[in-house]
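S.K.: Just so you know, the sequences run in chain order A and B.
All the letters of the first sequence, read from the start, carry residue numbers 649 to 990 under our numbering.
All the letters of the second sequence, read from the start, carry residue numbers 200 to 504 under our numbering.
I should point out that these hints are in silico values taken from the structure, not numbers from a laboratory.
Glycine is no exception: its CB is placed at the ideal position from the N, C-alpha and C atoms.
It is possible that part of the hints are untrue.
[Claimed, not checked] Pairs of lysine-lysine residues, derived as DSS-like cross-links and limited to a Cα-Cα distance of at most 30 Å, are as follows:
| hint | chain 1 | residue 1 | chain 2 | residue 2 |
| --- | --- | --- | --- | --- |
| 1 | A | K776 | B | K400 |
| 2 | A | K776 | A | K891 |
| 3 | B | K226 | B | K236 |
| 4 | A | K776 | A | K722 |
| 5 | B | K405 | A | K776 |
| 6 | A | K776 | A | K655 |
| 7 | B | K332 | A | K948 |
| 8 | A | K722 | A | K655 |
| 9 | A | K659 | B | K226 |
| 10 | A | K900 | A | K722 |
| 11 | B | K400 | B | K332 |
| 12 | A | K722 | A | K741 |
| 13 | B | K332 | A | K722 |
| 14 | B | K236 | A | K659 |
| 15 | A | K900 | A | K741 |
| 16 | B | K332 | B | K405 |
| 17 | B | K391 | B | K226 |
| 18 | B | K391 | B | K332 |
| 19 | B | K405 | B | K391 |
| 20 | A | K655 | B | K332 |
| 21 | B | K233 | A | K776 |
[To be verified] Stretch-level coverage of chain B by chain A, calculated; a stretch enters the list once three of its residues show a Cβ under 8 Å from a Cβ in chain A:
| hint | segment |
| --- | --- |
| 22 | 339–346 |
| 23 | 358–372 |
| 24 | 424–438 |
| 25 | 482–494 |
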Amino acid sequence: MYFDLIKYTIKRILLLIPVLFGVSLVVFLIMRVFSPDPAPVVLGEHASREAMQAWRNAHGLNDPIVWQFIDFLKNALTGNFGTSYYTNQPVMKEIMARFPATVELAICAILFASVFGVLLGVVSAVRKNTAVDYASTILALIGVSMPIFWLGILLIILFSGTLHILPSTGRIQPMLQPVGGTGLYLWDTLTSGDFEAFGDAARHLIMPTLALAMYSLAIITRMTRSSMLDTLNQDYIRTARSKGISSHRVVKHHALRNAMIPITTVIGLQFGSLLGGAVLTETVFAWPGIGSYTVQCIQKSDFPVVQAVVLIIATVYVLINLIVDLIYAFLDPRIKYSKEEG
Amino acid sequence: MDKTQDTAAEISLSTQEFLEKPESQWKSMWDSLKKNKAAMVSLAFIIILVLIAVITAIFPQVLPHDPYEQNMTKTFLFPDGRYWFGTDQLGRDIFSRIMVGTRVSLSVGVIAVAVSMTLGVVFGSLAGYLGGKVDSFIMRIMDIMLSIPSILLAIAFMAALGQGIDKAVIAISLVSIPEYARIVRGEILSVKENDYVQAAKVIGDKDGRIIFRHILPNVLSSIIVRATLGISSAILDASALGFLGLGVQPPAAEWGDMLGRARNYIFQAPYTLIFPGLAISLTVLAFNLLGDGLRDALDPKSRQN
C-alpha cells in the first residue's frame with residue numbers, strides 16, 4: 649500500500665511540471681506579448697526615443713520573444729527572476745521581503761476559518777433546523793455574498809472610525825517592529841519575549857484576518873454541515889448510538905472523523921483561494937504583503953515582479969492542492985491512487 | 200362503494216391530465232421553485248433591478264439628480280430627504296449613481312457569464328465527447344488557468360488589455376471558462392454512455408447533432424444553475440476590479456469603482472462607502488439565493504439537507 653502511495657506521489661509531482669510550464673507560458677504571454685510596451689510607463693511619457701530604446705536593450709526586451717521566454721525559464725529555475733524595473737533590486741529580494749506578511753495573514757485566516765467553520769458546521773448539523781442552524785446558514789450566505797473589500801471597509805468604519813479600538817492599516821507600530829527573524833511578526837515577537845510588540849501585531853491582524861477569512865468560513869461551514877449530515881445518517885452511527893455510546897462521543901469520534909475527509913479537501917482549496925483574496929484584503933488594510941505589491945506592480949508595468957509573483961503563487965497553490973490530495977488518499981484508503989489521473 | 204368510485208374517478212382524471220399534458224421538466228422545476236420563498240423574493244428583487252437598469256437608461260429624468268453632475272459646494276452631504284444616500288467627494292448624488300450603476304453591474308454579470316459559458320460549453324463538450332488527446336489538451340489548459348487565483352489572473356489580463364469596463368468583461372469571462380468546461384465535460388462523460396446516445400450513433404447521427412440534440416439538453420439544467428451562481432461571482436469580480444481602479448472610466452458610475460474612489464474618505468464620510476457596498480452585496484445575495492433555489496428545484500435530493 650505504501651509503495652502505491654509513493655508511486656502516486658511521484659506521478660503527481662511529475663504532472664506538476666507541465667502545469668507550471670504552462671503557467672509560466674500564460675503569464676509570459678500576457679505580460680510580454682499582449683501587454684503594452686513598459687518603457688513609456690517606467691521612464692515617463694516624455695523620455696526620448698533613444699533613452700527608451702536603450703532601456704529596452706538593457707532589459708532584454710528587444711531580443712526575439714522566444715529567446716526572452718527561454719531566458720526567463722532558465723533563470724526562473726535557479727530562482728532568479730531578474731530585477732525590478734523601478735528599484736533595480738533583485739525581484740526575489742523584493743518578494744521575500746513581503747512574503748512573510750502574506751503568509752502570516754493567510755495562516756491566521758485559514759486557522760480562523762477552519763476552526764470556526766468546522767465548529768459551526770458540526771453544531772448546525774447536530775442541531776439541524778434550530779436557531780443555531782438558521783443563524784449559521786444566514787452567516788454563510790452573507791459570507792459568500794459580501795465583497796471582501798467591503799467587509800474590510802465596514803470593519804474599519806466600526807472598529808477604527810467609530811469605536812477607535814483597532815488600527816486600520818499596517819502590520820505593527822514602526823518602533824515595535826522586530827528586527828530579523830522569520831518575518832512572521834507574531835512568531836518573532838513571541839519567541840523574543842516582546843509581549844508588547846506581540847499584542848500590537850495581534851491587534852493589527854484581527855481585522856484583515858476576519859475580512860479574509862469570512863468567505864472561507866462560509867464555505868467550510870456549509871461543507872462541514874452537509875458532510876456531517878451525510879455521516880450522521882449512516883448505519884454505523886445508528887449502531888453506535890444503539891450501543892449506548894454518549895451523543896457527544898458519537899459526534900466527535902464516529903461522525904466527525906469520517907466527515908473530515910471532504911472537509912479537508914475544502915479547507916485545502918480555500919487556502920489556495922485565500923492567496924487570491926489577499927490581493928484585495930491587503931489593498932484595503934495597506935498590509936505590506938505580496939498581494940498589494942502585485943497590484944501596484946501590475947499598474948506600473950513592472951513585469952519581472954508580476955511574472956515572478958504569479959508563478960510563485962501558482963506553485964504554492966498547486967503544491968497545496970497536491971498535499972490535500974495526498975492527505976485525502978491517506979485518510980481514505982478506499983481511494984485507488986494508482987489508477988487516478990492528475 | 201362511493202369512496203372507491205371517487206378514488207377511481209380521481210385516478211382516471213389524473214391519468215387523463217397526465218396523458219393530455221405531460222408535465223415538462225421546466226414546469227415541475229418552476230412549481231417547486233415557487234414554493235421556495237427566498238428564491239422567489241430574490242427573483243422579484245432581480246426583476247426590479249432589471250427594471251431599474253432599463254428605466255434609468257431610457258428615462259434618466261426619473262432619477263432625483265443627475266448622477267454625473269459635479270458640485271463642489273455640495274460635497275459630502277449627509278443623507279437626508281433631498282439626497283437619500285448623501286453626496287460623494289465630487290458632490291454627486293450617491294443614490295442616482297447607484298441606480299445607474301445597476302445597469303453596469305447587471306450587464307457585466309450577464310455578458311461575462313454568457314461569453315464564458317458559451318466558450319466553456321464548447322471546450323467542455325469537445326473534451327468530453329471526443330476524449331483522448333483533445334480531452335487531455337483542453338483540460339490541461341484549463342488546469343493551468345485554474346492554478347492561478349482568478350482575481351490575480353483577471354488583474355493580469357486587465358494590465359495587458361488596459362482599463363475599461365469592456366475589458367473587465369473580457370478578463371472575467373476568460374478566467375471563468377475552466378469552471379464551465381469542467382462541469383460540462385463531467386456531465387457529458389456521464390451522459391455519453393447512455394443508450395439513447397449510443398442509439399443515435401447507430402442511426403448514423405453526426406457528432407454535432409448528437410451533442411446539440413441529445414447531450415446538451417440533458418446537461419442544460421446544471422449549466423443554468425451554474426450560470427445563475429456565475430452571475431453573482433462575475434458581479435463580485437467586476438466590483439473587485441472596479442475597487443482596484445481597473446474598471447469603468449470616470450465619470451461612469453460602477454459600484455466597486457465608487458467604493459474604490461471614496462475609500463480615502465472612510466473616516467470623514469463613511470456613508471459614501473455603505474450604500475454602494477450594500478448594492479453589490481444584495482445583488483450578489485439575490486443571484487446566490489436564486490441559484491440555490493434552482494439547484495434544489497432541479498435536484499430533489501439536495502433539498503433534504
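S.K.: Does each hint hold? Answer for all of them.
M.R.: Structure-based check of all given hints:
Between the alpha carbons of K776 of chain A and K400 of chain B the distance comes to roughly 48 Å, so the proposed pair goes past 30 Å and is violated. About 23 Å separates the Cα atoms of K776 of chain A and K891 of chain A, which keeps this hinted pair within 30 Å; it holds. Under the criterion of a C-alpha separation no larger than 30 Å, the hint pairing K226 of chain B with K236 of chain B is consistent with the structure, at around 17 Å. Our distance criterion of 30 Å between C-alpha atoms is broken by K776 of chain A and K722 of chain A, whose separation comes to about 56 Å.
Between K405 of chain B and K776 of chain A the alpha-carbon distance is near 50 Å, which puts this suggested pair outside the 30 Å criterion. This hinted pair does not check out: K776 of chain A and K655 of chain A have alpha carbons roughly 42 Å apart, beyond 30 Å. Proposed proximity of K332 of chain B and K948 of chain A is contradicted: the alpha carbons are some 40 Å apart, above 30 Å. Our distance criterion of 30 Å between C-alpha atoms is met by K722 of chain A and K655 of chain A, whose separation comes to about 28 Å.
A distance of roughly 48 Å separates the Cα atoms of K659 of chain A and K226 of chain B; the hinted pair therefore is violated under the 30 Å criterion. The suggested pairing of K900 of chain A with K722 of chain A is violated, with an alpha-carbon distance near 51 Å, which exceeds 30 Å. Using a Cα cut-off of 30 Å, the hinted pair K400 of chain B and K332 of chain B holds, with the two alpha carbons roughly 21 Å apart. Proximity of K722 of chain A to K741 of chain A is assessed by CA-CA distance (about 18 Å); at most 30 Å being required, the pair is judged to hold.
With a CA separation close to 29 Å, the supplied pair K332 of chain B and K722 of chain A stays within the 30 Å bound. For the hint linking K236 of chain B to K659 of chain A, the alpha-carbon distance of about 49 Å lies beyond 30 Å, and the restraint is violated. For the suggested pair K900 of chain A and K741 of chain A, the alpha carbons sit about 46 Å apart, so the restraint of at most 30 Å is broken. Annotation: proposed proximity of K332 of chain B to K405 of chain B holds, straight-line Cα distance about 20 Å (limit 30 Å).
Only pairs whose Cα atoms come within 30 Å are accepted, and K391 of chain B paired with K226 of chain B is accepted, the gap being roughly 26 Å. A distance of roughly 17 Å separates the Cα atoms of K391 of chain B and K332 of chain B; the hinted pair therefore holds under the 30 Å criterion. Distance hint between K405 of chain B and K391 of chain B is fulfilled; the C-alpha atoms sit about 14 Å from each other, no more than 30 Å. A threshold of 30 Å between alpha carbons decides the hint, and for K655 of chain A with K332 of chain B the separation of about 24 Å falls inside it, so the pair holds.
Only pairs whose Cα atoms come within 30 Å are accepted, and K233 of chain B paired with K776 of chain A is accepted, the gap being roughly 24 Å. As drawn, the segment 339–346 of chain B meets chain A at 6 residues by the rule of a beta-carbon pair under 8 Å; at three or more, the given contact holds. Three residues within the 8 Å Cβ limit are the bar, and the segment 358–372 of chain B against chain A gives 4, so the coverage statement holds. Coverage of the segment 424–438 of chain B by chain A holds in this model, with 3 residues showing a Cβ closer than 8 Å to a Cβ of that chain against a need of three.
Here the segment 482–494 of chain B counts 4 residues with a CB under 8 Å from a CB of chain A, which clears the bar of 3, and the coverage holds.
Hints 1, 4, 5, 6, 7, 9, 10, 14, 15, counting from the list given before, are not met by this structure.
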